[in-house]
Amino acid sequence: MKSKSSILSAWREALSETARYLPFGSAMPEDRPGLYRRVARDCGVPIEAVRRAVEASGG
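Numbered by the working numbering, the letters in the sequence shown go through residues 4 to 62 in order.
Because the hints were derived from the structure by calculation, they are not lab data.
Be a bit skeptical, because a hint or two may be false.
[To be verified] Ranges between beta-carbon positions, derived for each pair:
| hint | residue 1 | residue 2 | range |
| --- | --- | --- | --- |
| 1 | 37 | 60 | 26 to 34 Å |
| 2 | 6 | 26 | 17 to 25 Å |
| 3 | 47 | 27 | 16 to 24 Å |
| 4 | 26 | 47 | 13 to 21 Å |
| 5 | 20 | 50 | 26 to 34 Å |
| 6 | 29 | 59 | 23 to 31 Å |
| 7 | 47 | 20 | 27 to 35 Å |
| 8 | 27 | 6 | 28 to 36 Å |
| 9 | 24 | 44 | 13 to 21 Å |
| 10 | 49 | 16 | 12 to 20 Å |
| 11 | 25 | 60 | 13 to 21 Å |
Glycine included, each C-beta is placed from N, C-alpha and C at the ideal position.
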């Protein structure tokens with residue numbers, strides 16, 4: 004299982020890669036499930052682990 008820091012790093016990378024396609028350049032609540040899935044797939048962790056890590060970091 005990946006560490007929280009590597010999950011958050013992948014999250015920031017996913018946000019930066021998709022920011023130009025997102026309204027106002029940031030993830031809206033309806034965008035998050037897809038981004039969680041993408042990061043979970045890339046990191047090989049459950050979606051819930053990504054959600055918990057991102058929410059715990061205030062992101």
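Within 23 to 31 Å: is that where the Cβ-Cβ distance between residue 29 and residue 59 falls?
The hinted range 23 to 31 Å is violated for residue 29 and residue 59, with Cβ atoms some 19 Å apart.
Does the hinted range 12 to 20 Å hold for residue 49 and residue 16 at CB?
holds (19 Å)
Verify the CB-CB distance for residue 25 and residue 60 against the hinted window 13 to 21 Å.
About 19 Å separates the Cβ atoms of residue 25 and residue 60, which means 13 to 21 Å holds.
Between residue 37 and residue 60, is the Cβ distance one that fits in 26 to 34 Å?
violated (19 Å)
Note whether the CB distance of residue 47 and residue 27 lies within 16 to 24 Å or breaks it.
violated (31 Å)
State, for the Cβ atoms of residue 24 and residue 44, whether the hinted interval 13 to 21 Å holds or is violated.
Roughly 18 Å apart at Cβ, these two residues keep to the hinted range, so it holds.
May I ask you to test the hint 26 to 34 Å on the CB atoms belonging to residue 20 and residue 50?
violated (18 Å)
Range first: 13 to 21 Å. Now tell me if the beta carbons of residue 26 and residue 47 are that far apart.
violated (30 Å)
Please test the hint of 17 to 25 Å on the beta carbon pair from residue 6 and residue 26.
Taking Cβ atoms as reference, residue 6 and residue 26 lie about 31 Å apart, which means the hint is violated.
Cβ separation of residue 27 and residue 6, checked against the hinted range 28 to 36 Å
With a Cβ separation near 30 Å, residue 27 and residue 6 satisfy 28 to 36 Å, so the hint holds.
Does the hinted range 27 to 35 Å hold for residue 47 and residue 20 at CB?
For residue 20 against residue 47, whose Cβ atoms are near 19 Å apart, the range 27 to 35 Å is violated.
Checked against the numbered hints listed earlier, the structure breaks hints 1, 2, 3, 4, 5, 6 and 7; every other hint is satisfied.
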